[in-house]
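Chemist: Each chain, written out:
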Amino acid sequence: MTVTSSTLSSLLVFFVGFGLVTFALRLWKRRIPGVRGRTAVTAATYFLRYAAALEYYGLRAAEIEAHVDALRADLASLDDDELRHALSGLGAPRTLAAAVAGDVRRPTPLRGVVWLGLAALLVMGLAVLLTESFLGGFEPHAPVGAHDSWSMPGMMVEATMGPGGRATMIGFGGWFFVVVPLVAFVIGSRVWRVRDRR
Amino acid sequence: MAEIDAQMLKGLLSLLLLGLLAERPDYGYSLVERLRDGGLDDVAEGTVYPALARLERHGWVTPYHVPSERGPSRKYYRVSPAGHDELAARLAGWRHLTQVIDLLTGGPHT
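From first to last, the protein sequence lines are chains H and E.
Okay, so the first sequence: first residue is 1 according to my numbering, each after it adds one.
Okay, so the second sequence: first residue is 1001 according to my numbering, each after it adds one.
No lab work stands behind these hints: they were computed from the structure.
Heads up, a few of these hints could be off.
[To be verified] Ranges between beta-carbon positions, derived for each pair:
# : chain 1 : residue 1 : chain 2 : residue 2 : range
1 : H       : 15        : E       : 1006      : 20 to 26 Å
2 : H       : 49        : E       : 1058      : 47 to 53 Å
3 : E       : 1042      : H       : 13        : 46 to 52 Å
4 : H       : 195       : E       : 1036      : 40 to 46 Å
[Said to hold, decoys possible] Stretch by stretch, here's where chain E covers chain H in the computed footprint (C-beta under 8 Å, at least three residues):
# : stretch
5 : 109 to 115
6 : 150 to 159
7 : 162 to 176
[Said to hold, decoys possible] Now the stretches of chain E that chain H is said to cover, found in silico as 3 or more residues with beta-carbon under 8 Å:
#  : stretch
8  : 1012 to 1021
9  : 1040 to 1046
10 : 1079 to 1086
11 : 1097 to 1104
The beta carbon of each residue, even a glycine, is placed where N, CA and C say it ideally should be.
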């Protein structure tokens, strides 16, 4: 299979579209029934950020839902002005989450997996773009049977010009594709918190 | 009305919340309103919810859910037996402290 820049663009459009739809659905899930307009978006965004901050501190999904829903339920009886005032009184979602979570600091494996996926996508995208760029300079001028190569840290690609104006490629190494996502996973999942796990 | 130092209020918040919940079970925002009605105009929502979470972690209050007309069910808190003991201990400590303050500053100041 040949991965081209247009394939990458399609992938990018897909991921951005998927991200936007997911964001909109999450906002909808966090809304306060009956509240409309700008206040509704402000409140839903606050709850979304609060949930993300609680997740950052390592609370489990059920605990996060319980905290966020409790707050949503409390604020559901307020009118728009009271709601805005209450949201301002709650302070920054991250500060509130830190205080509510107390000294809980658990690893966040789910976040780690997301970071791993994004890092893998990034390094693959980078490799494809660089390879495309290399081939752009190699294929138009190389005679059949000619060899050339390009490398980046942890990876080398050797191309041999074949008939029909297309080169065949062999990749070597590839630790870059393992190490970068792995580092992203370690950082994203806060593995070191295992030490203070309660 | 005299201003109350934010740090002092933070230290006393657990005592006040336990006291209010000992009167009757309640939910977070209603407790904020009761504190304000009681004279703590500057109490912020952002201090009450973490204080409730601390009380819950210590086992001094027990949460339960009551279905709400709008949105998810509301989380109410009631004082647990351990919470009643804690409230009694804190009240005793507070009364002792106010006696010491009165003694050291020449009697109650009104």
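Chemist: Is the coverage entry for the stretch 1097 to 1104 of chain E by chain H consistent with the three-residue Cβ rule at 8 Å?
Modeler: Result for this restraint: violated, n = 0.
Chemist: Looking only at beta-carbon atoms, does the pair residue 49/H, residue 1058/E fall within the given range of 47 to 53 Å?
Modeler: Hint violated: Cβ distance 27 Å, outside 47 to 53 Å.
Chemist: Look at the Cβ atoms of residue 15/H and residue 1006/E and judge whether their distance stays inside 20 to 26 Å.
Modeler: 45 Å, violated
Chemist: Can the stretch 1012 to 1021 of chain E be counted as covered by chain H under the rule of three residues or more with Cβ-Cβ separation shorter than 8 Å?
Modeler: With 0 residues close enough to chain H, the hint is violated.
Chemist: Are there three or more residues in the stretch 162 to 176 of chain H whose C-beta lies closer than 8 Å to some C-beta of chain E?
Modeler: violated (count 0)
Chemist: Within 40 to 46 Å: is that where the Cβ-Cβ distance between residue 195/H and residue 1036/E falls?
Modeler: 42 Å, holds
Chemist: Are at least 3 residues of the stretch 150 to 159 of chain H within less than 8 Å of chain E when you compare beta carbons?
Modeler: violated (count 0)
Chemist: Can you take a look at whether the stretch 1040 to 1046 of chain E is actually covered by chain H? Rule is 3+ residues, C-beta closer than 8 Å.
Modeler: holds (count 3)
Chemist: With a cut-off of 8 Å between beta carbons, are at least three residues of the stretch 1079 to 1086 of chain E near chain H?
Modeler: n = 0 at 8 Å, threshold three: violated.
Chemist: Against chain E, does the stretch 109 to 115 of chain H show at least 3 residues with beta-carbon separation below 8 Å?
Modeler: violated (count 0)
Chemist: At the C-beta level, are residue 1042/E and residue 13/H separated by a distance inside 46 to 52 Å?
Modeler: Given a distance of about 50 Å, which is inside 46 to 52 Å, the answer is holds.
Hint check: violations occur at hints 1, 2, 5, 6, 7, 8, 10 and 11; the rest are consistent with the structure.
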